[in-house]
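A.B. asks: Residues per chain, in single letters:
Number of protein chains: 2
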Amino acid sequence: MPREILYLKIARIIEDQISSGTLKTGEKLPSIRTIQKIYNVSINTVKQAFLELESKSLIESKPKSGFYVSHSFHSKLELPSVSQLQLSQQEKTPEDLISKVFNTLTHKDFTQFALGVVDKSMLPIAKLNKGVVKVLRNLEDSGTGYEPAQGNINLRRNIAKWSFTWDGHLTEDDIVTTSGALNALFYALITVTEPGDTVAIESPVYFGILQMIKSLGLHIIELPTHPVTGISIEDLKKVLPKINACCFVTNFNNPLGSCMPEENKKEVVHLLSKHNIPLIEDDLYGDIFFGVSRPKPCKAFDETGNVLWCGSVSKTLAPGYRVGWVAPGKFKEKTIRKKLLNTMSSPPLYQEVIADFMEHGRYEHHLRTLRNTLYNNCLHFKKAIEKYFPENTKISNPQGGFVLWLELDPKIDTAILYDIAVQYKIGFAPGRMFTQHNRYNNCMRLNFAIKWDEKVEESLKTLGLLIKQQLQ
Amino acid sequence: MPREILYLKIARIIEDQISSGTLKTGEKLPSIRTIQKIYNVSINTVKQAFLELESKSLIESKPKSGFYVSHSFHSKLELPSVSQLQLSQQEKTPEDLISKVFNTLTHKDFTQFALGVVDKSMLPIAKLNKGVVKVLRNLEDSGTGYEPAQGNINLRRNIAKWSFTWDGHLTEDDIVTTSGALNALFYALITVTEPGDTVAIESPVYFGILQMIKSLGLHIIELPTHPVTGISIEDLKKVLPKINACCFVTNFNNPLGSCMPEENKKEVVHLLSKHNIPLIEDDLYGDIFFGVSRPKPCKAFDETGNVLWCGSVSKTLAPGYRVGWVAPGKFKEKTIRKKLLNTMSSPPLYQEVIADFMEHGRYEHHLRTLRNTLYNNCLHFKKAIEKYFPENTKISNPQGGFVLWLELDPKIDTAILYDIAVQYKIGFAPGRMFTQHNRYNNCMRLNFAIKWDEKVEESLKTLGLLIKQQLQ
Numbered sequence: 001m002p003r004e005i006l007y008l009k010i011a012r013i014i015e016d017q018i019s020s021g022t023l024k025t026g027e028k029l030p031s032i033r034t035i036q037k038i039y040n041v042s043i044n045t046v047k048q049a050f051l052e053l054e055s056k057s058l059i060e061s062k063p064k065s066g067f068y069v070s071h072s073f074h075s076k077l078e079l080p081s082v083s084q085l086q087l088s089q090q091e092k093t094p095e096d097l098i099s100k101v102f103n104t105l106t107h108k109d110f111t112q113f114a115l116g117v118v119d120k121s122m123l124p125i126a127k128l129n130k131g132v133v134k135v136l137r138n139l140e141d142s143g144t145g146y147e148p149a150q151g152n153i154n155l156r157r158n159i160a161k162w163s164f165t166w167d168g169h170l171t172e173d174d175i176v177t178t179s180g181a182l183n184a185l186f187y188a189l190i191t192v193t194e195p196g197d198t199v200a201i202e203s204p205v206y207f208g209i210l211q212m213i214k215s216l217g218l219h220i221i222e223l224p225t226h227p228v229t230g231i232s233i234e235d236l237k238k239v240l241p242k243i244n245a246c247c248f249v250t251n252f253n254n255p256l257g258s259c260m261p262e263e264n265k266k267e268v269v270h271l272l273s274k275h276n277i278p279l280i281e282d283d284l285y286g287d288i289f290f291g292v293s294r295p296k297p298c299k300a301f302d303e304t305g306n307v308l309w310c311g312s313v314s315k316t317l318a319p320g321y322r323v324g325w326v327a328p329g330k331f332k333e334k335t336i337r338k339k340l341l342n343t344m345s346s347p348p349l350y351q352e353v354i355a356d357f358m359e360h361g362r363y364e365h366h367l368r369t370l371r372n373t374l375y376n377n378c379l380h381f382k383k384a385i386e387k388y389f390p391e392n393t394k395i396s397n398p399q400g401g402f403v404l405w406l407e408l409d410p411k412i413d414t415a416i417l418y419d420i421a422v423q424y425k426i427g428f429a430p431g432r433m434f435t436q437h438n439r440y441n442n443c444m445r446l447n448f449a450i451k452w453d454e455k456v457e458e459s460l461k462t463l464g465l466l467i468k469q470q471l472q
Numbered sequence: 001m002p003r004e005i006l007y008l009k010i011a012r013i014i015e016d017q018i019s020s021g022t023l024k025t026g027e028k029l030p031s032i033r034t035i036q037k038i039y040n041v042s043i044n045t046v047k048q049a050f051l052e053l054e055s056k057s058l059i060e061s062k063p064k065s066g067f068y069v070s071h072s073f074h075s076k077l078e079l080p081s082v083s084q085l086q087l088s089q090q091e092k093t094p095e096d097l098i099s100k101v102f103n104t105l106t107h108k109d110f111t112q113f114a115l116g117v118v119d120k121s122m123l124p125i126a127k128l129n130k131g132v133v134k135v136l137r138n139l140e141d142s143g144t145g146y147e148p149a150q151g152n153i154n155l156r157r158n159i160a161k162w163s164f165t166w167d168g169h170l171t172e173d174d175i176v177t178t179s180g181a182l183n184a185l186f187y188a189l190i191t192v193t194e195p196g197d198t199v200a201i202e203s204p205v206y207f208g209i210l211q212m213i214k215s216l217g218l219h220i221i222e223l224p225t226h227p228v229t230g231i232s233i234e235d236l237k238k239v240l241p242k243i244n245a246c247c248f249v250t251n252f253n254n255p256l257g258s259c260m261p262e263e264n265k266k267e268v269v270h271l272l273s274k275h276n277i278p279l280i281e282d283d284l285y286g287d288i289f290f291g292v293s294r295p296k297p298c299k300a301f302d303e304t305g306n307v308l309w310c311g312s313v314s315k316t317l318a319p320g321y322r323v324g325w326v327a328p329g330k331f332k333e334k335t336i337r338k339k340l341l342n343t344m345s346s347p348p349l350y351q352e353v354i355a356d357f358m359e360h361g362r363y364e365h366h367l368r369t370l371r372n373t374l375y376n377n378c379l380h381f382k383k384a385i386e387k388y389f390p391e392n393t394k395i396s397n398p399q400g401g402f403v404l405w406l407e408l409d410p411k412i413d414t415a416i417l418y419d420i421a422v423q424y425k426i427g428f429a430p431g432r433m434f435t436q437h438n439r440y441n442n443c444m445r446l447n448f449a450i451k452w453d454e455k456v457e458e459s460l461k462t463l464g465l466l467i468k469q470q471l472q
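So the protein sequences, as listed, match chains A and B.
If you read the first sequence in full-length UniProt numbering, its first letter stands for residue 1, the second for the next number, and so on.
If you read the second sequence in full-length UniProt numbering, its first letter stands for residue 1, the second for the next number, and so on.
Please keep in mind that the hints were generated in silico from the structure rather than gathered at the bench.
Any given hint might turn out to be false.
Note that the list lumps identical chains together, so a pair holds whenever it fits in one copy or between two copies.
Each computed PhoX-like pair below joins lysine-lysine, with the alpha-carbon atoms no more than 25 Å apart [as the list claims (entries may be wrong)]:
#1 Lys134 to Lys37
#2 Lys28 to Lys130
#3 Lys37 to Lys332
#4 Lys383 to Lys274
#5 Lys334 to Lys214
#6 Lys161 to Lys387
#7 Lys411 to Lys455
#8 Lys100 to Lys332
#9 Lys9 to Lys461
#10 Lys100 to Lys330
#11 Lys387 to Lys37
#12 Lys382 to Lys451
#13 Lys214 to Lys332
#14 Lys334 to Lys100
#15 Lys387 to Lys9
#16 Lys382 to Lys64
#17 Lys411 to Lys266
#18 Lys28 to Lys62
#19 Lys455 to Lys214
#20 Lys28 to Lys242
#21 Lys37 to Lys455
#22 Lys56 to Lys134
#23 Lys425 to Lys24
#24 Lys382 to Lys214
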């Protein structure tokens with residue numbers, strides 16, 4: 001029996017058990033290994049079955065624990081819709097809207113759901129500071145000199161070691177350090193594209209990626225993206241003849257929170273390698289998973305050096321440090337040359353601090369706490385939204401990262417709602433920011449990596465109320 | 001009498017006095033103010049006359065002192081030639097040569113004339129370290145958060161204050177901080193050009209600028225550049241209809257060391273503003289002058305916001321910090337947006353350290369020492385080259401910065417000479433690196449910001465010997 005059907009069969013068996021009440025809401029599922037033995041199938045088949053169930057919001061994973069029958073199964077709120085493929089002429093992006101949202105980010109008295117970073121209360125600032133002082137003592141020429149363009153050797157070594165958490169076999173030689181993940185994407189893009197080329201991306205997509213690609217004189221195709229399983233491979237196949245590169249956030253992407261199943265990752269890597277289309281993979285959320293293990297990036301299945309794997313610590317440790325990296329595969333030499341031309345080298349200090357943090361187990365320790373905090377925040381947010389928002393609100397079901405994507409009643413224009421919410425000192429990211437087309441106007445992205453308290457809940461209540469008012 | 005003729009007349013009077021021996025080699029010239037009074041002309045006219053004399057190597061300036069009848073007047077070595085305008089199809093740049101030279105830069109046992117940075121012995125490393133520790137204590141969230149894309153406010157404020165050293169009237173609001181001057185040029189270029197546009201630059205030109213412009217899909221016109229007075233305005237006028245932007249290193253450019261006279265700067269600013277062609281000005285060497293005062297940048301004469309003035313502390317304080325800036329004039333908003341898309345924000349720590357260093361007079365103090373060291377090194381180098389190199393060697397006469405440009409016998413190919421010199425553990429930058437055309441093959445750039453000692457003199461002697469051997 002072909003594997004595809006096998007995993008669907010197992011998924012259906014479990015789904016039946018949930019429907020019938022054999023498995024109850026909140027109950028823990030048997031472990032992957034147990035199910036594997038019961039049905040005599042491979043671990044991957046069980047994992048795929050679980051992903052299928054997750055994508056239907058039937059089950060959900062909890063950090064360091066396992067899979068549970070989902071509470072949201074009985075939620076009134078559906079998943080957001082999958083977008084349609086649009087190959088029309090690209091329209092003007094709402095740069096003014098982006099600027100407007102950015103301008104409120106520094107307002108300290110706001111409840112700020114619009115940010116794309118983790119609240120500072122969740123960052124190990126004291127430990128990082130100790131690291132700075134320690135590193136400064138030992139740094140060659142105190143970091144005043146140029147380092148090789150490829151980047152600090154200690155950081156590269158530790159990223160390579162860290163790649164073992166997802167079965168990566170990178171060496172220090174495979175990695176180029178950058179000024180954050182966005183900067184890594186930038187180098188990757190200018191390495192594999194020429195102005196006038198076309199790049200396929202997810203939709204909705206983080207506006208920083210969208211704007212950067214546009215600013216390089218590249219054309220964009222936004223691929224339909226499932227809120228749980230990521231880009232549609234069928235649609236990717238359709239546009240293959242038109243595209244010169246892909247740029248995907250494969251694990252807990254921003255804003256949908258989708259995570260491509262392993263089988264999809266394999267297929268995409270194989271497909272793009274066969275067609276000689278480079279895959280730029282932004283894996284900056286991969287370490288913030290709610291499930292039992294870190295999802296592998298596409299890079300784990302890259303046999304031809306066709307994947308440029310990008311990452312950073314901006315979402316987990318210190319956004320302001322601007323420490324990121326790219327493992328550009330077969331494009332490495334060209335990437336190093338691009339970096340050399342762009343900025344010569346990166347300052348060594350923060351690279352050494354992060355390397356030190358990783359090397360002594362502090363990163364792993366910090367991530368364990370951070371994942372739990374974020375997972376709990378996610379539950380708080382979802383519960384509050386279910387309570388306070390209109391019943392026809394659709395909501396994403398991220399298994400990692402820290403953003404929620406909401407699809408509201410089609411009558412709501414979140415750009416207008418934004419102006420109203422700002423008067424109540426509430427900020428969020430309107431959906432229109434996340435596309436080049438005129439859509440997602442009834443959507444919004446909420447960051448749940450802020451400290452959960454009564455004020456936050458009150459703000460969600462207010463937001464829900466404002467939406468209801470708009471509907472009347 | 002028109003001013004142009006007036007300054008030439010005064011220059012000729014002084015030249016006559018030098019030729020006749022009335023003014024002797026090494027003798028100090030009357031001050032600018034004295035000459036101004038004697039001939040009843042403006043200060044600018046005297047300054048222009050002095051520049052004219054400097055351009056003929058008849059006089060030279062000394063730090064904190066004034067102008068002297070040049071020793072090199074009686075030097076056997078001539079100035080390098082002015083390049084010819086070439087409008088032919090651009091040729092392949094010698095990227096392999098650049099990579100080869102870069103690969104030897106980390107060889108610690110080399111006498112390294114190829115570097116573009118000041119030796120660490122000339123940097124105030126201990127004071128900078130103190131600054132880091134001090135700043136770290138007071139930094140908001142210890143620098144883990146994002147700052148506004150425009151850059152750290154304290155640094156911007158201090159750069160604005162510092163601009164008063166060249167009659168600038170910048171405010172903190174005019175400045176965008178960057179990751180070094182090269183990165184500033186990058187943002188300036190992507191702000192004012194589109195792929196396919198044409199940019200006029202000096203020739204020879206720093207290979208980093210050349211390669212960066214090329215990598216952005218831009219075409220390049222290399223303008224003939226006088227080793228003392230910089231680009232030829234006549235040739236600039238000729239190519240005006242073909243170009244979309246200019247990118248000039250106006251003060252002590254790399255590698256020629258030329259410094260545009262004030263009158264030329266005014267004319268260029270006026271000309272480009274009239275034709276609506278943005279001027280990207282790289283002024284990263286302006287603070288390292290050997291004369292009595294800092295030469296003004298073109299930005300000082302910019303009335304329309306058409307000049308994007310770039311700078312950094314990479315040549316004076318700490319290359320590895322990657323702290324630079326651009327004052328983009330009327331292009332500011334677009335530049336900020338480009339930076340936001342490229343890397344979001346810059347880490348605040350080193351920006352605060354540099355701001356603190358400037359604010360408390362430590363920068364000015366350091367520069368005074370640095371200028372004297374470099375000026376003395378320049379004299380040592382020129383003397384040694386005159387002594388050990390063939391008589392038909394031509395040499396630049398920089399009044400600031402820290403590189404010398406040598407034009408050797410046309411039979412010498414410095415790319416071949418480089419391979420031989422490397423065997424003697426001597427590095428330099430072959431001329432071919434500094435152009436997109438097949439020229440300067442008999443030229444080389446030497447960095448004199450290395451600690452002068454017997455080993456360095458011995459290396460120059462060896463280099464001279466190797467050249468003489470090649471000529472036989």
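A.B. asks: Of the numbered hints stated earlier in the document, which are not met by this structure?
C.D. replies: 1, 2, 3, 4, 6, 7, 9, 11, 15, 17, 19, 20, 21, 22, 23, 24
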